[in-house]
Structure formats: structure tokens, C-alpha cells
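Visitor: What follows is the residue order along each chain.
Number of protein chains: 2
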Amino acid sequence: MTPTITVFANSPDRGRGLARDMPVRWALEEAGRAYEVRSVSFAEMKGAAHKARQPFGQIPAYEEERLTLFESGAIVLHIAGHCPALLPAEEAARARAMAWMFAALNTVEPPVFDYSLAGVLEKEKPWHDERRALLEARIHDRLGDLSRHLGEADWLEGAFSAGDLMMISVLRRLNSTGLLEAWPAIAAYVARGESRPAFTRAFDAQRALFTQSQAQQAQPLKESDTA
Amino acid sequence: MTPTITVFANSPDRGRGLARDMPVRWALEEAGRAYEVRSVSFAEMKGAAHKARQPFGQIPAYEEERLTLFESGAIVLHIAGHCPALLPAEEAARARAMAWMFAALNTVEPPVFDYSLAGVLEKEKPWHDERRALLEARIHDRLGDLSRHLGEADWLEGAFSAGDLMMISVLRRLNSTGLLEAWPAIAAYVARGESRPAFTRAFDAQRALFTQSQAQQAQPLKESDTA
Chain W
1 MTPTITVFAN SPDRGRGLAR DMPVRWALEE AGRAYEVRSV SFAEMKGAAH
51 KARQPFGQIP AYEEERLTLF ESGAIVLHIA GHCPALLPAE EAARARAMAW
101 MFAALNTVEP PVFDYSLAGV LEKEKPWHDE RRALLEARIH DRLGDLSRHL
151 GEADWLEGAF SAGDLMMISV LRRLNSTGLL EAWPAIAAYV ARGESRPAFT
201 RAFDAQRALF TQSQAQQAQP LKESDTA
Chain S
1 MTPTITVFAN SPDRGRGLAR DMPVRWALEE AGRAYEVRSV SFAEMKGAAH
51 KARQPFGQIP AYEEERLTLF ESGAIVLHIA GHCPALLPAE EAARARAMAW
101 MFAALNTVEP PVFDYSLAGV LEKEKPWHDE RRALLEARIH DRLGDLSRHL
151 GEADWLEGAF SAGDLMMISV LRRLNSTGLL EAWPAIAAYV ARGESRPAFT
201 RAFDAQRALF TQSQAQQAQP LKESDTA
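Protein chains in written order, with UniProt numbering: chain W, 1 to 227; chain S, 1 to 227.
Think of the hints as simulated: they come from the structure by calculation, not from any bench.
A few of these clues could be false.
Heads up, the list lumps identical chains together, so a pair's fine if it works in one copy or across two of them.
List time: in silico EDC-like cross-link candidates among lysine to aspartate or glutamate, alpha-carbon distance up to 20 Å [claimed, not checked]:
| # | residue 1 | residue 2 |
| --- | --- | --- |
| 1 | 123 | 13 |
| 2 | 125 | 145 |
| 3 | 51 | 114 |
| 4 | 123 | 36 |
| 5 | 51 | 157 |
| 6 | 46 | 194 |
| 7 | 51 | 145 |
| 8 | 51 | 63 |
| 9 | 123 | 154 |
| 10 | 46 | 129 |
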């Protein structure tokens, strides 16, 4: 059965592919699986129908015949479990790939996400500059360790895995910040991920949905102009 | 082979069982597995030998014969994979348990951890009170959704799983904040986890290590007093 993912009707990242449906779309593309998309407005996202799928009223949610799933990490892991190119069958290699998924979401993402969030929610606060400097230092700590581990390798553990998919998804938030300029090996690693055909298909699909939602929002305005 | 976990020699939580070795110890106890403990000082934790085990220089690390693993989420998942009482064999139930593990670490923990961190690192900053209020609001949002999902159930998905183990491990950071008083079902859920015999064994083991490290630190001081 074709799974359905629930995503933002109108993503706050304006189609830059930074929302959490992106790693799920990417994993589905790597696994060669078709999927359906349901989009929700911000109001619908916090409503009872969506919270029955996603207890915290977030996107994405994932549905297949006998399973409703939430948390992008868990959804990617579920998809990867059926795709040896994302998650190796051998137990130790599989565990290492999972370690990088958790490292992406629980060690690298927190300061990166805080940095994005502070840029939006705390931009006008008197503490913004000082806190931004603290967060930049925390991010550089993580990037330094990651860069040392990566060395000159293409991927974190030999072959590309769901661990790279998740790590690159997190690091992409830094693309427009200038912080990756200090870490050329990491910038190249992110670009390597973004150049995968499956990434491109996933990116284009989320971008097309955003463009379409913008066009639809524009529609009623035009009509009222001529009414 | 008995696995070895690497933990703080002298945990900054002073034996309150809030460090990230606690969910790993708890999972090992639930699974009925013996383990060895290696403790590292803060300096050793950031040194090359430990970073070979744990690329970000954090605790815990986990070693068994052919596998070195990091990230408490990945370690708990690896242990749980061999223990049906922590991770059900049926695929959909297993995926749901994993969803709660990720929800614990990636949706509930970020504001909870930020709140703890701000209490330590930003206590003297002029922005502390205002930012603390923002973080409390974010935490209450999460707790409200979690409480609604939990309802009157004992555990998040029927039987106790690694999802509960991880969620309760995260929520325990709130025990001393007063924030759980607004959410009696969650406070009861945390207490239910803490009353499991496996939790108690894990807690006592980490506490004993802390007490012992304090005694050893006291030793040289005493000797120098009498030298």
C-alpha cells in the first residue's frame, strides 16, 4: 500500500526544504517508494484530527495500512528498515547507522535548531547578539568533532546510510548562515548529499507543493480584485 | 560478552541519575544484562581515547565484542532490540515504541534540556527571567499534548516499552522544577517508571559510583592535611 505523509500546506521555510517532511521524502525516494501527500494548514496541524495522527501537532505524520507513525527520525528508521541501501542488514553496521541518526537529531540539531529559532523568535530581544554568539560556539564545537570524524571520507560510516541522510538534513539548516565556511569538509559532505538524485526528487516535490500553495493563496485575492 | 559502558567519573548532576548513562543502565537492567563500567574524568572525556569511542566526547559510550556505540538513544535501541519486553517483535508496535523514543529525545527533551542548561549557564544573564518564561511555555505545550495522549493509561502504548523508558528519563529532569505539578497524570507516570525494580537498580548503581568518586576526591585532601 502506498503510504501517505502529512506535511505543511504552506511551509514556513518557503520551500527551502528545511521542514521535517524533507528527510522522510528523501528516504522514500532513496527506497524507491511512491507516496501520497496530505497537506495541513497551521490551524489544522493543531486540531484534533491531526493530533490523532501526531500527538504533538507537528508535521510530518506517516500512515500506511496498519501503522500511523510520527517523528521524522522514527519514520526514516521505519522506511530504512526495508531498504538495505539506507540501513545495512549486519547488526553492528546497522547500529552505527542508527547512532548517527540519533547524533544528528539529539547532539547536532539542538544548537542548530536553537540558532534558527533564536533568529526568528528572539531577533528583537536585547539578549539576541550575546546568545547568538553562545550558540555559534556550541555549533562550532559539534562541527569540529564531526569534521574530525568525517576526515576525507565521503560518508560517516563507509557507505551512505540513513545516518548520513539525517545528519545532512540537519546540517542543511546552516547552509545560509555562513557557519559552514569554517568547515570545508562538512560543506562538501552536505553538497554531496544534496547532489543525490533521490534528494533532488524529494526537494523538487516539496518545492512544487509550496509554489502551488502560494498560487492558491493568491487566487482568491485576484478574484476579489475583479469582483 | 559483557558490555562496557563509559560514564562520568564525577557526574555533574551529583548522583541524581540525570546523566545520559541512566537510560542505558536502566535498559540493561530491564533486559537482565550484566555490564561493566568505565568512568572518565571531564578531561578524559574530551581526550582522543574517548573520542575514538564517542566522536563528540560525551558520555555514555557502549562497547561489546564487535561494536562500539554512542548516543544513548541508539544504545537503548540496540539493547532493546534483544529484549521483547522493551521493544515488541511485531513491526507496527515496534515502530510506535521507536516513535516515542524519538519524541522523547527530539520533541520533549529540547525545551527541557534548554531549561536545565539556562539554569546553569545563563543564570546571571540579564535575560534569564524572560527566557525562562519562554522555555516554561514551550515545556507546558509539550506536557499538555503528552498528558492528553497518555490519558489514564499506565504507559504510552499499552505495555511498557523503550519509548516509556526514554520519555521518563527525559521527564525526570523536571522533577525538581515544580513544572510537573500542573500535570498530575505525567507526574504519576514518571513515578510509575521510577518504581520499577530495574530503574531502582540502575539508579543505585550510578549513585554508588558518584558517592565513591566523592570519597576518592576527599582522600588526597585528607592526606595532604596530615602530611
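Visitor: Hints first: check each against the structure and report whether it holds.
Guide: Hints and how they fare:
{"no.": "1", "hint": "123 to 13", "in the structure": "within (17 Å within a copy, 32 Å between copies)"}
{"no.": "2", "hint": "125 to 145", "in the structure": "neither (31 Å within a copy, 28 Å between copies)"}
{"no.": "3", "hint": "51 to 114", "in the structure": "neither (24 Å within a copy, 25 Å between copies)"}
{"no.": "4", "hint": "123 to 36", "in the structure": "neither (37 Å within a copy, 48 Å between copies)"}
{"no.": "5", "hint": "51 to 157", "in the structure": "between (36 Å within a copy, 16 Å between copies)"}
{"no.": "6", "hint": "46 to 194", "in the structure": "neither (31 Å within a copy, 32 Å between copies)"}
{"no.": "7", "hint": "51 to 145", "in the structure": "between (37 Å within a copy, 9 Å between copies)"}
{"no.": "8", "hint": "51 to 63", "in the structure": "within (13 Å within a copy, 39 Å between copies)"}
{"no.": "9", "hint": "123 to 154", "in the structure": "neither (36 Å within a copy, 42 Å between copies)"}
{"no.": "10", "hint": "46 to 129", "in the structure": "neither (32 Å within a copy, 28 Å between copies)"}
Hint violations for this structure: numbers 2, 3, 4, 6, 9 and 10, all remaining hints satisfied.
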